[in-house]
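Asks: Sequence:
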Amino acid sequence: MSKRDYYEVLGVERGVAKPELKKAYRRLAMKYHPDRNPDDESAAEKFKEAKEAFEVLDNEQKRASYDQFGHAGVDTSAGGGAGFGGAADINDIFGDVFGDIFGSGGGRSRGPRVYRGDDLQYNLEISLEDAVAGTESKIKVPNLIACEACDGSGSKRGTSPSNCPTCHGVGQVRMQQGFFSVQQTCPACRGKGKVITEPCPRCRGQGRNQKEKTLSVKIPAGVDTGDKIRLSGEGEASDSGGPAGDLFVAIHVKKHDIFERDNADLHCMVPINFATATVGGELEVPTLGGKVKLKIPGGTQSDKVFRLRGKGVKPVRGGPVGDLLCKVRVETPVNLNAKQKELLMTFHDSISGDNAEKHSPQAHSWLGGVKRFFDGIRSS
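Here the sequence shown is numbered in our numbering, starting from 4 and rising by one per residue.
Hint data in this document are derived by calculation from the structure and do not stem from the laboratory. Some hints here could point you the wrong way.
[Claimed, not checked] Quick list of in silico lysine-lysine cross-link-like pairs, DSS-like style, CA-CA up to 30 angstroms: (1) Lys258 with Lys221; (2) Lys197 with Lys257; (3) Lys231 with Lys141; (4) Lys26 with Lys51; (5) Lys296 with Lys231; (6) Lys197 with Lys141; (7) Lys317 with Lys257; (8) Lys214 with Lys143; (9) Lys51 with Lys143; (10) Lys216 with Lys143; (11) Lys258 with Lys317; (12) Lys307 with Lys330; (13) Lys65 with Lys25; (14) Lys49 with Lys21; (15) Lys344 with Lys294; (16) Lys257 with Lys141; (17) Lys21 with Lys65; (18) Lys317 with Lys342; (19) Lys258 with Lys307; (20) Lys141 with Lys317; (21) Lys307 with Lys296.
With the sequences and hints as input, model every part of the structure.
Replies: Here you go:
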């Protein structure tokens, strides 16, 4: 009886990638495995056929020979094609599925697990000035560190942990799952492979103690809210002999009384009086580097923005220095006395009437639009 094409057996196209090839074989193996079909000889034959096809196509050299010469190019008699051993062991095929479920790392890992300590985060609030210029800050971090009394072992000084009687120091136990077996983390020692018979009196067998430590954090110039500074090895100590985790210092820049930051640029509002806005003048405005002169031309309107180049922030990740954008706000005079009000009315009269369009073009244009709007309503 001639053999079927291996690609046809697995239900895949020629040129199929290995992950898809493995999925196709896994599907057939689970369907036709003899343990699932104890009284079905045809299912056993289909399982053997699928296994043989997979063993050939999963091997690059055998696959290339099969693609060129067909069945004559591969010798399946030496590969145990009809057995349950060989390269495509059933535990290897399904281990990656149940390894994720039971934490066995694919069912093939050996030895006790060593885990890295947990990472920590510290929220640090700094001023805008410190964020722009950079600074160094001292922080106090409550942390779990390796117990000094037992050097982090968890055992009383002079003693040592013993092999776990459940997993015999391996850190994993094998479990039977139907027709195949998988490994999972030992529930007795939680993958450590060791158990503590005489706990350290200071840490009570935990191997770690709570302690507040002071760290110095260098804040680079240009940081902003949301940036994080990583301090390697300053996180929590491992409880399985692994390396300590890291400490991430999350930056939060406090709200400033004058400036508002927008990436590399700074914004501020500058109030100016009516007279300066009208005839022009010169103002002193603050920057993070000191005061600078800002020239206000005559006829400046409220919300006019003046850009002071290079007076912003140098970004922490590089790039040009930003600008300072000053938005002027014309302030209406308040608390005027009778004389001042009289002078203002005289001034108002001098720019009204025939001179309104010349001195107040925006108001004149707006009033013209309003007049046309009402004229349109009356004519409709």
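Asks: Against each hint, give a clear statement of whether it holds in the structure.
Replies: Here is what the structure says about each hint:
Straight-line distance between C-alpha atoms of Lys258 and Lys221 comes to about 21 angstroms, which keeps the hinted pair within the 30 angstroms bound. The suggested pairing of Lys197 with Lys257 is violated, with an alpha-carbon distance near 49 angstroms, which exceeds 30 angstroms. At most 30 angstroms may separate the alpha-carbon atoms for a hinted pair to count; Lys231 and Lys141 meet this at roughly 16 angstroms. The straight-line distance between the Cα atoms of Lys26 and Lys51 is roughly 16 angstroms, inside the 30 angstroms bound, and the hint therefore holds.
Restraint check for Lys296 and Lys231: the C-alpha separation of about 36 angstroms exceeds 30 angstroms, so the hint is violated. The straight-line distance between the Cα atoms of Lys197 and Lys141 is roughly 39 angstroms, outside the 30 angstroms bound, and the hint therefore fails. Taking the CA atoms of Lys317 and Lys257, the gap is about 18 angstroms. The hint holds against a cut of 30 angstroms. The hinted pair formed by Lys214 and Lys143 meets the criterion: a straight-line CA distance of about 10 angstroms does not exceed 30 angstroms.
At most 30 angstroms may separate the alpha-carbon atoms for a hinted pair to count; Lys51 and Lys143 exceed this at roughly 64 angstroms. Restraint check for Lys216 and Lys143: satisfied, since their Cα atoms lie roughly 6 angstroms apart, inside the 30 angstroms limit. A hinted pair counts as satisfied when its Cα atoms are at most 30 angstroms apart, and Lys258 with Lys317 qualifies at roughly 19 angstroms. Distance check on the hinted pair: Lys307 and Lys330 sit about 6 angstroms apart at the alpha-carbon level, within 30 angstroms; holds.
For the suggested pair Lys65 and Lys25, the alpha carbons sit about 16 angstroms apart, so the restraint of at most 30 angstroms is met. About 21 angstroms separates the Cα atoms of Lys49 and Lys21, which keeps this hinted pair within 30 angstroms; it holds. For the proposed pair Lys344 and Lys294, the alpha carbon gap of about 34 angstroms is over 30 angstroms, so the pair is violated. Proximity of Lys257 to Lys141 is assessed by CA-CA distance (about 17 angstroms); at most 30 angstroms being required, the pair is judged to hold.
Among the hinted pairs, Lys21 with Lys65 is consistent with the structure: their alpha-carbon atoms are about 14 angstroms apart, no more than 30 angstroms. Using a Cα cut-off of 30 angstroms, the hinted pair Lys317 and Lys342 is violated, with the two alpha carbons roughly 51 angstroms apart. With a C-alpha separation of about 24 angstroms, the suggested pair Lys258 and Lys307 falls inside the 30 angstroms cut-off, and the hint holds. In summary, the hint linking Lys141 to Lys317 is supported, as the alpha carbons are separated by about 24 angstroms, within the 30 angstroms threshold.
About 16 angstroms separates the Cα atoms of Lys307 and Lys296, which keeps this hinted pair within 30 angstroms; it holds.
In this structure, the earlier hints numbered 2, 5, 6, 9, 15 and 18 are contradicted, and the remaining ones agree with it.
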